[in-house]
Amino acid sequence: MLILSIDTSAIASAALITGDGETLQAFATEDTRTHAEVLAPGIQEILTTADVTAADIDALVVGVGPGPFTGLRSGIATARSLAFAWNKPLHGVMSLDAIAVEAALDAWRLGIDEFIVATDARRKEVYWARYRSTGGTPELLDGPHVAAPADVPELPAYGKGAGIYPDQLHAVADFSGTQPTAEALGRTAVVKLTRGLPLLETTPLYLRESDAKVPGPRKRAL
Amino acid sequence: MNRSEPLVLGIESSCDETGVGIVRGDKLLTNTVSSSMEEHVRFGGVIPEIASRAHLDAFVPTLRQALDEAGVTLDEVDALAVTSGPGLAGALMVGVCAAKALAVATGKPLYAINHLVAHVGVGLLDGGELPENLGALLVSGGHTEILRVKSITDDVELLGSTIDDAAGEAYDKVARILGLGYPGGPVIDRLAKEGNPKAIRFPRGLSQPKYMGSAEQPGRHRYDWSFSGLKTAVARAVEQFEAAGQDVPVADIAASFQEAVVDVITAKAVLACTEHGITNLLLGGGVAANSRLRELTAERCAANGIALRVPPINLCTDNGAMVAALGSQIIMAGGEPSGISFAPHSSMPVTSVHL
Ligand SMILES: [Zn+2]
Chain A
1 MLILSIDTSA
11 IASAALITGD
21 GETLQAFATE
31 DTRTHAEVLA
41 PGIQEILTTA
51 DVTAADIDAL
61 VVGVGPGPFT
71 GLRSGIATAR
81 SLAFAWNKPL
91 HGVMSLDAIA
101 VEAALDAWRL
111 GIDEFIVATD
121 ARRKEVYWAR
131 YRSTGGTPEL
141 LDGPHVAAPA
151 DVPELPAYGK
161 GAGIYPDQLH
171 AVADFSGTQP
181 TAEALGRTAV
191 VKLTRGLPLL
201 ETTPLYLRES
211 DAKVPGPRKR
221 AL
Chain B
1 MNRSEPLVLG
11 IESSCDETGV
21 GIVRGDKLLT
31 NTVSSSMEEH
41 VRFGGVIPEI
51 ASRAHLDAFV
61 PTLRQALDEA
71 GVTLDEVDAL
81 AVTSGPGLAG
91 ALMVGVCAAK
101 ALAVATGKPL
111 YAINHLVAHV
121 GVGLLDGGEL
131 PENLGALLVS
141 GGHTEILRVK
151 SITDDVELLG
161 STIDDAAGEA
171 YDKVARILGL
181 GYPGGPVIDR
191 LAKEGNPKAI
201 RFPRGLSQPK
211 YMGSAEQPGR
221 HRYDWSFSGL
231 KTAVARAVEQ
241 FEAAGQDVPV
251 ADIAASFQEA
261 VVDVITAKAV
271 LACTEHGITN
281 LLLGGGVAAN
291 SRLRELTAER
301 CAANGIALRV
311 PPINLCTDNG
321 AMVAALGSQI
331 IMAGGEPSGI
341 SFAPHSSMPV
351 TSVHL
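Line by line, the protein sequences give chains A and B.
Per the working numbering: the first sequence = residues 1 to 222.
Per the working numbering: the second sequence = residues 1 to 355.
Hints are computed from structural coordinates only; laboratory data are not their basis.
By construction, the Cβ of each residue, glycine as well, lies at the ideal position given by its N, Cα and C atoms.
It cannot be assumed that every hint is accurate.
As the list claims (entries may be wrong) - Here are some chain B residues the structure puts well away from chain A; computed CB gaps all over 12 Å:
1. 46
2. 49
3. 106
4. 312
5. 339
As the list claims (entries may be wrong) - Which stretches of chain A does chain B cover? Using the computed rule of at least three CB atoms under 8 Å from a CB of chain B, they are:
6. 65 to 73
7. 120 to 130
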């Protein structure tokens with residue numbers, strides 16, 4: 001099995017992952033604001049470098065967020081269009097799961113039962129979810145949500161969202177800069193796909209409404 | 001690539017219409033549009049984030065429908081074209097990402113197209129060649145421009161534009177002031193027929209001598225428009241009637257407002273034409289559906305020896321066929337593809353026909 005994984009919930013990234021969870025090729029940028037420019041060339045490059053064509057790919061997976069709207073849509077629009085053109089199945093994965101896989105292993109080693117994964121939601125908020133580590137495997141208990149750091153449960157917190165707010169969140173040191181990547185996301189998806197477990201639709205998890213306000217009635221001059 | 005009669009798929013997502021059009025050379029095969037207009041009604045105007053969300057969900061279904069209607073497959077397409085600007089940044093992003101993904105998936109060349117020039121390019125679909133000494137007057141909810149088009153593929157110049165609201169936006173705002181709902185254009189056009197266009201003299205923005213100058217020494221805004229003052233004047237007029245305890249003469253206000261908009265648009269457009277040797281004018285954009293704009297543009301063009309052309313209205317509003325049409329012209333003229341690394345450009349100038 002070979003899957004193409006894409007995530008733009010924070011940084012832009014893509015990866016080719018085998019059924020054993022091996023990475024054939026991966027691409028990732030540190031930038032969070034140039035997804036529309038860099039993503040397609042990044043995908044093109046990993047396909048070329050790995051000498052992979054559409055015929056070799058069994059499925060696509062895409063991170064459905066939560067993440068800043070415009071960036072998040074770049075990945076989903078890309079994944080949906082690729083899947084349509086190639087006529088391949090496409091699945092969604094909650095983007096915080098990409099951090100939770102690594103975090104669950106670390107938590108298990110440290111004897112931590114439950115933990116938080118948090119990413120930057122901008123506007124002084126974080127996207128977060130609560131997981132339990134069962135023998136190093138993450139189990140989603142609650143979330144994803146968007147909230148002020150002070151309103152996140154007091155548990156060890158993994159991910160860049162924790163690193164940005166060290167005073168409010170209990171950031172786990174080695175993970176304070178960790179972002180979701182397509183590589184980690186693809187690994188979690190492959191495990192589920194090979195075991196026949198369900199994945200998500202590709203509906204984006206915006207978690208916030210658009211900022212639009214319905215205008216009130218015009219004041220009459222009386 | 002087939003450069004003599006290319007099969008081009010065009011993608012449009014710069015505002016609230018998700019469009020996919022397919023042309024072969026200058027022949028229109030299909031024009032499929034999905035609009036999120038209904039979702040903006042309660043806000044009284046296009047909300048960029050809502051439009052962007054709608055583009056994401058509409059894109060693949062619109063693409064599938066367009067391919068079905070045209071009876072072609074992605075494999076058969078010679079090239080892809082997408083609006084890269086100007087437009088709403090987040091909305092453009094969806095179409096651009098989708099187009100790039102199709103380019104990666106199929107290996108087809110991709111052309112990043114200027115939306116405004118594409119409004120002119122659509123004129124090539126129904127009548128073949130574009131005439132000499134061509135100008136274009138584009139009026140919509142997102143733009144108000146007068147262009148000189150020496151060559152549709154590589155020589156387009158902006159002669160004038162709105163410095164604040166687009167004309168269609170002014171219609172929406174005035175409709176809201178008058179409690180007429182959204183979109184404002186059709187309802188004001190209809191009501192205006194029952195009202196007196198001379199009832200109230202609303203201001204014609206940027207028409208004072210200091211802005212206009214003369215043909216020899218043009219002022220800074222000789223061919224530019226401004227509609228924000230007009231909107232304020234309408235609001236003030238309504239308030240005066242209310243303060244006096246009188247019924248607001250909605251039809252008269254609608255007619256007088258519409259007359260002010262259409263008068264200043266056509267006066268300046270015709271002036272730009274006569275002073276730049278433009279003898280053929282193409283009218284485009286959604287407000288081209290407005291009956292009074294069509295009437296007065298035709299009248300004033302005729303009086304000044306300018307031949308006027310108005311494409312069918314479904315090609316005047318934003319659509320993918322116009323993007324495909326311009327893409328096709330660029331390919332036939334030997335233009336090089338844009339690659340897949342370009343960024344959407346929300347204020348892309350008309351001097352850049354494609355990236
Ligand atoms: Zn337009």
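Query raised in the report: Would the least Cβ to Cβ distance between residue 339 of chain B and chain A come out above 12 Å?
Result: violated, 8 Å
Query - Least C-beta distance between residue 106 of chain B and chain A, which was stated to exceed 12 Å - result: The assertion about residue 106 of chain B is violated, with a minimum of 6 Å to chain A.
Query raised in the report: Within the assertion that chain B covers the stretch 65 to 73 of chain A, do at least three residues meet a Cβ-to-Cβ distance smaller than 8 Å?
Result: holds (count 3)
Query - Coverage claim, chain B over the stretch 120 to 130 of chain A, checked by counting residues with Cβ within 8 Å (three needed) - result: violated (count 0)
Query raised in the report: Is the Cβ of residue 312 of chain B farther than 12 Å from every Cβ of chain A?
Result: holds, 29 Å
Query raised in the report: Once the closest CB in chain A is found, is it more than 12 Å from residue 46 of chain B?
Result: Not fine: 10 Å to the nearest Cβ puts residue 46 of chain B too close to chain A.
Query - Reported absence of residue 49 of chain B from the contact zone with chain A (all CB gaps over 12 Å) - result: Since the minimum Cβ distance to chain A is about 3 Å, residue 49 of chain B lies within 12 Å and the statement is violated.
Of the numbered hints stated above, those contradicted by the structure are hints 1, 2, 3, 5, 7, listed in ascending order.
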